[in-house]
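Undergrad: Single-letter residue listing:
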Amino acid sequence: EAGVTQFPSHSVIEKGQTVTLRCDPISGHDNLYWYRRVMGKEIKFLLHFVKESKQDESGMPNNRFLAERTGGTYSTLKVQPAELEDSGVYFCASSWGQVSGGELFFGEGSRLTVL
Amino acid sequence: RKEVEQDPGPFNVPEGATVAFNCTYSNSASQSFFWYRQDCRKEPKLLMSVYSSGNEDGRFTAQLNRASQYISLLIRDSKLSDSATYLCVVNRRGNKLVFGAGTILRVKS
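Those sequence lines, one after another, are chains A and B.
Just so we're aligned: 77 in my numbering is position 74 of the first sequence, and the numbers increase by one with no gaps anywhere.
Just so we're aligned: 383 in my numbering is position 106 of the second sequence, and the numbers increase by one with no gaps anywhere.
One or more of the hints may lead you astray.
Think about it this way: if two alpha-carbon atoms lie no more than 30 angstroms apart in a straight line, the pair counts; the simulated BS3-like pairs of lysine-lysine are [stated by the list, open to error]:
hint : chain 1 : residue 1 : chain 2 : residue 2
1    : B       : Lys356    : A       : Lys18
2    : B       : Lys279    : B       : Lys319
3    : B       : Lys356    : A       : Lys57
4    : A       : Lys81     : B       : Lys385
5    : A       : Lys54     : B       : Lys356
6    : A       : Lys18     : A       : Lys47
7    : B       : Lys385    : A       : Lys18
8    : A       : Lys81     : B       : Lys356
9    : A       : Lys54     : B       : Lys385
10   : B       : Lys385    : A       : Lys57
Partner residues aside, some chain A positions facing chain B, computed with beta carbon under 10 angstroms [stated by the list, open to error]:
hint : residue
11   : Ala5
12   : Gly6
13   : Phe10
14   : Gly43
15   : Glu45
16   : Lys54
17   : Ser56
18   : Asp59
19   : Phe68
20   : Ser98
21   : Trp99
22   : Glu106
23   : Glu111
24   : Leu118
Derived DEER-like restraints, expressed as beta-carbon distance ranges [as the list claims (entries may be wrong)]:
hint : chain 1 : residue 1 : chain 2 : residue 2 : range
25   : B       : Tyr347    : A       : Lys81     : 37 to 45 angstroms
26   : B       : Lys319    : A       : Gly74     : 39 to 47 angstroms
27   : A       : Met42     : B       : Asp316    : 17 to 25 angstroms
28   : B       : Asp316    : A       : Thr23     : 24 to 32 angstroms
Derived by calculation from the structure, the hints in this document are not laboratory data.
Predicted model, so just to flag it, every value in this text is computed and none were measured.
Ideal Cβ positions, reconstructed from N, Cα and C, are used throughout, including at glycine.
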């Protein structure tokens, strides 16, 4: 069974540019999450989808970040315009049920470097 | 103050040693507790859930003390392959995991 896949694995862009990260969750997982780790900090929650609906987007840093999950399948996270402090690793994760009782399956992450 | 606090380490131990990691959490409403493992430049993976009664999985033992808001992980007979970052993770009501910054373990031959 395929795991959570993320693309691109690494992106280097200049400040002010736009980047779109993609996540394909494990097939059948209704719950999809975005997390990120900036340099030297802990992994932090960004948002949570249940199917195509945003369940919780309390972790989104500002309106430069836009997440979508069309049709409840794959998800994209767009950063526009990118700032230096957006550099970090963006992890996508999925789960079948509630995370409180189960396991989150993470992708390998998309490393974003903003110059 | 961070919601989940861990000693960043690194813990440098010889093969075969026993090592213990501790973690404290500040939100008493936390309901679920986990240890995740993250290898260098890889994704976090669930190592084990942590229950109030304590639980064991092979060489790994996890303990939870709700009164003290304290979680521990004990690794016995350390292997080279145990070298990784160990992440203490808690979940409040809902579907949002809160991660500690991680404790680095290096097992040396």
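Undergrad: Compare the structure with each hint and give your call.
TA: Do the hints match the structure? See the list:
Proximity of Lys356/B to Lys18/A is assessed by CA-CA distance (about 43 angstroms); at most 30 angstroms being required, the pair is judged violated. Among the hinted pairs, Lys279/B with Lys319/B is consistent with the structure: their alpha-carbon atoms are about 24 angstroms apart, no more than 30 angstroms. Only pairs whose Cα atoms come within 30 angstroms are accepted, and Lys356/B paired with Lys57/A is rejected, the gap being roughly 42 angstroms. Between the alpha carbons of Lys81/A and Lys385/B the distance comes to roughly 42 angstroms, so the proposed pair goes past 30 angstroms and is violated.
For the hint pairing Lys54/A with Lys356/B, the CA-to-CA distance comes to about 40 angstroms; that exceeds 30 angstroms, so the pair is violated. Distance hint between Lys18/A and Lys47/A is fulfilled; the C-alpha atoms sit about 22 angstroms from each other, no more than 30 angstroms. Among the hinted pairs, Lys385/B with Lys18/A is inconsistent with the structure: their alpha-carbon atoms are about 41 angstroms apart, more than 30 angstroms. With a C-alpha separation of about 41 angstroms, the suggested pair Lys81/A and Lys356/B falls outside the 30 angstroms cut-off, and the hint is violated.
Proximity of Lys54/A to Lys385/B is assessed by CA-CA distance (about 45 angstroms); at most 30 angstroms being required, the pair is judged violated. For the hint pairing Lys385/B with Lys57/A, the CA-to-CA distance comes to about 45 angstroms; that exceeds 30 angstroms, so the pair is violated. Given hint, Ala5/A at the interface with chain B, is violated; its Cβ is 14 angstroms from that chain's nearest Cβ, farther than 10 angstroms. Interface hint at Gly6/A: satisfied, since its Cβ lies 9 angstroms from the closest Cβ of chain B, which is below the 10 angstroms cut-off.
Checking Phe10/A against chain B by beta carbon gives a least distance of about 14 angstroms; that is not within 10 angstroms, so the hint is violated. At its closest, the beta carbon of Gly43/A sits 8 angstroms from a beta carbon of chain B; the interface hint therefore holds under the 10 angstroms criterion. A cut of 10 angstroms between beta carbons decides the hint on Glu45/A: the least distance to chain B is about 4 angstroms, and the hint holds. Given the 10 angstroms rule on beta carbons, the hint for Lys54/A is violated: about 13 angstroms separates it from the nearest Cβ of chain B.
With a cut of 10 angstroms, the hint placing Ser56/A at the interface with chain B is violated, because the nearest CB-to-CB distance is about 13 angstroms. Taken as an interface hint, Asp59/A checks out: its beta carbon lies about 6 angstroms from the nearest beta carbon of chain B, inside 10 angstroms. A cut of 10 angstroms between beta carbons decides the hint on Phe68/A: the least distance to chain B is about 16 angstroms, and the hint is violated. Checking Ser98/A against chain B: minimum C-beta separation of about 8 angstroms stays under 10 angstroms; hint holds.
For Trp99/A, the shortest C-beta to C-beta distance to chain B is roughly 12 angstroms, which exceeds 10 angstroms, and the interface hint is violated. Given hint, Glu106/A at the interface with chain B, holds; its Cβ is 5 angstroms from that chain's nearest Cβ, closer than 10 angstroms. Interface hint status for Glu111/A: upheld, as the beta-carbon distance to the closest one in chain B is roughly 5 angstroms, under 10 angstroms. For Leu118/A, the suggested interface contact is broken, since its CB lies about 20 angstroms from the closest CB of chain B, more than 10 angstroms.
The given range of 37 to 45 angstroms is respected by Tyr347/B and Lys81/A, whose C-beta atoms sit roughly 40 angstroms from each other. For Lys319/B paired with Gly74/A, a C-beta distance near 29 angstroms fails the hint of 39 to 47 angstroms. In this structure the supplied range 17 to 25 angstroms holds for Met42/A paired with Asp316/B, their Cβ-Cβ distance being about 18 angstroms. Taken as a hint, the range 24 to 32 angstroms holds for the pair Asp316/B and Thr23/A, whose Cβ atoms sit roughly 27 angstroms apart.
In this structure, the earlier hints numbered 1, 3, 4, 5, 7, 8, 9, 10, 11, 13, 16, 17, 19, 21, 24 and 26 are contradicted, and the remaining ones agree with it.
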